[in-house]
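A.B. asks: Spelled out from the first residue to the last, the chains are:
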Amino acid sequence: MNTEYNFAYLDEQTKRMIRRALLKGVAIPGYQVPFASREMPMPYGWGTGGVQVTAACLVPDDILKVIDQGADDTTNAVSIRKFFEKTGGVKVTEETAKATVIQTRHRIPEAALTEGQILVYQVPIPEPLRFLEPSEVETRKMHALEEYGLMHVKLYEDIARHGHIATSYAYPVKIEGRYVMDPSPIPKFDNPKMEMAALQLFGAGREQRIYALPPYTQVVSLDFEDYPFEKGGAQQACGLCAAEDAYLDEVIMDDAGTRMFVCSDTDYCRVRREAGHIGEMGVPLAEDAA
Amino acid sequence: MTPLLKVENVSKYYGNRLGCRDVSFELYPGEVLGIVGESGSGKSTLLNCLAGHLEPDTGEVVFDTRANGPKDTVTMSEPERRMLSRTDWAFVHQNPRDGLRMSVSAGGNVGERLMAVGARHYGNIRSTAIDWLDKVEINEDRTDDRPSEFSGGMQQRLQIARNLVTGPRLIFMDEPTGGLDVSVQARLLDLLRGLVRELGLSAIVVTHDLAVVRLLADRLMVMKDGHVIETGLTDQVLDDPQHGYTQLLVSSVLQV
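Protein chains in written order, with numbering that gives the first Met the number 0: chain G, 0 to 289; chain D, 0 to 255.
Treat the hints as calculated values from the structure; they're not laboratory data.
Source: prediction; values computed, not measured.
A portion of the hints provided could be inaccurate.
To be verified - Once the Cα atoms are required to be at most 16 Å apart in a straight line, the calculated EDC-like pairs of lysine to aspartate or glutamate come out as: (1) D/K5 <-> D/D21; (2) G/K140 <-> D/E77; (3) D/K70 <-> D/E25; (4) G/K153 <-> D/E79; (5) G/K153 <-> D/D143; (6) G/K140 <-> D/E79; (7) G/K81 <-> G/D71.
To be verified - What the simulated footprint calls covered on chain D by chain G, stretch by stretch (three residues with Cβ under 8 Å from a Cβ of chain G suffice, anywhere in the stretch; the number is not a length): (8) 48-58; (9) 97-110; (10) 120-134.
Ideal Cβ positions, reconstructed from N, Cα and C, are used throughout, including at glycine.
Model the full structure from these sequences, guided by the hints.
C.D. replies: Here it is, written out as structure tokens:
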């Protein structure tokens, strides 16, 4: 740990300001709370919002896990993990079950989270109505007055153009029958998982917004009566661990176009392989290491 | 009979400049009121005050609501007023770009108001939208095209369909035929006249085109410099204008 930094990089005043925004967010689930987002030592779009929320939540005893598209070993995840190791000296882990704080981009872990865990999302555009209504003044008024007809116009357009609701990520949800919320760009496959035991916090650094879902908050994906929400997902099983209930990445293996489908949640896949599950293209874990 | 809309002493100032002053009138169900006057006479300001887009400085705009009877729309809460403007009111802008979502298909544009009042069945929304597109003479196979691919006249007809789909009782029109060529104007006027009569709508039409009010309006209000200078039955005002300005206005119409 580098002691030239304050614990977890941000100064204590900034953390208090962020915590106040978080408390307000938890008190009004789904409502976007403005906060004074700081410059962070990384570009916007790389998780500056998530990093600030994580910094405000971390205590020295915490065990941090960071995932990007479900994986622990991608550039973004590795850098953020190292950032907090260096500035906060916190323990890090790749194991979902052991982590107390999990920062994520684009995925919710496959393993169910438990009470006491915190899931922090990185959010690029917090406003679900943004692409239909460019004015912030107008969208805030629409949230305040609960005028959400426009959100269904987007879904209507999807069906008119594609024959089904083609929105497959950042699928809009309604929180406790009140606020319509952007779940960040997670696949709609993960939407049903959002009614969970863990606390969920969302940070958008560039847009300077924080919002939150307390544990067990009702989260309903918007749909039409005759076109109900479908979470979708792959038809195959994971090539390495044979999981059939996981969200899979499609990986192209060679120039001939051989494909492999593999769990996007690397920790989930590893745990299954350790338990002895072997997929069509997989080998037992011990041989793999050798 | 209760008037649908009762306007009393509505005034609106922009700083020191006068928008409109002390305008009062009553509009009864099924009646079409024309407001004419030159540019800058305050007719659009008045219309925007009535439709809730602008807040008048003084005066009352009492609308006969379905649920609670006559209510002042200036002092009612914003959610209530916005609910009215989605359901009982319609507003046809001069420029269709102001009243349409140009990046959303024609069907989506018509469906938006339905979804805004709670419709959640795609099939029903779509068939209602197609039904209304047909009423304004837009072919069913254009349902999924965007308004940006439509001609000016079609855009204006689409705007009318989008507004009328929730069955409003009062429709505000700001120069509905502005910027259209005469043959398209004539068809649009025919359509409007048919819809207004068929659905028993009340309407307030703001225009500088006397031919439009002659065709559409039962009663006429002439405005100049923010004041109402003459009111009466349309034919009476146009055939026997009393005020000097109205006489000038009527005599200025080009004869073909």
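A.B. asks: Checked against the structure, which of the hints given earlier come out wrong?
C.D. replies: 4 and 8
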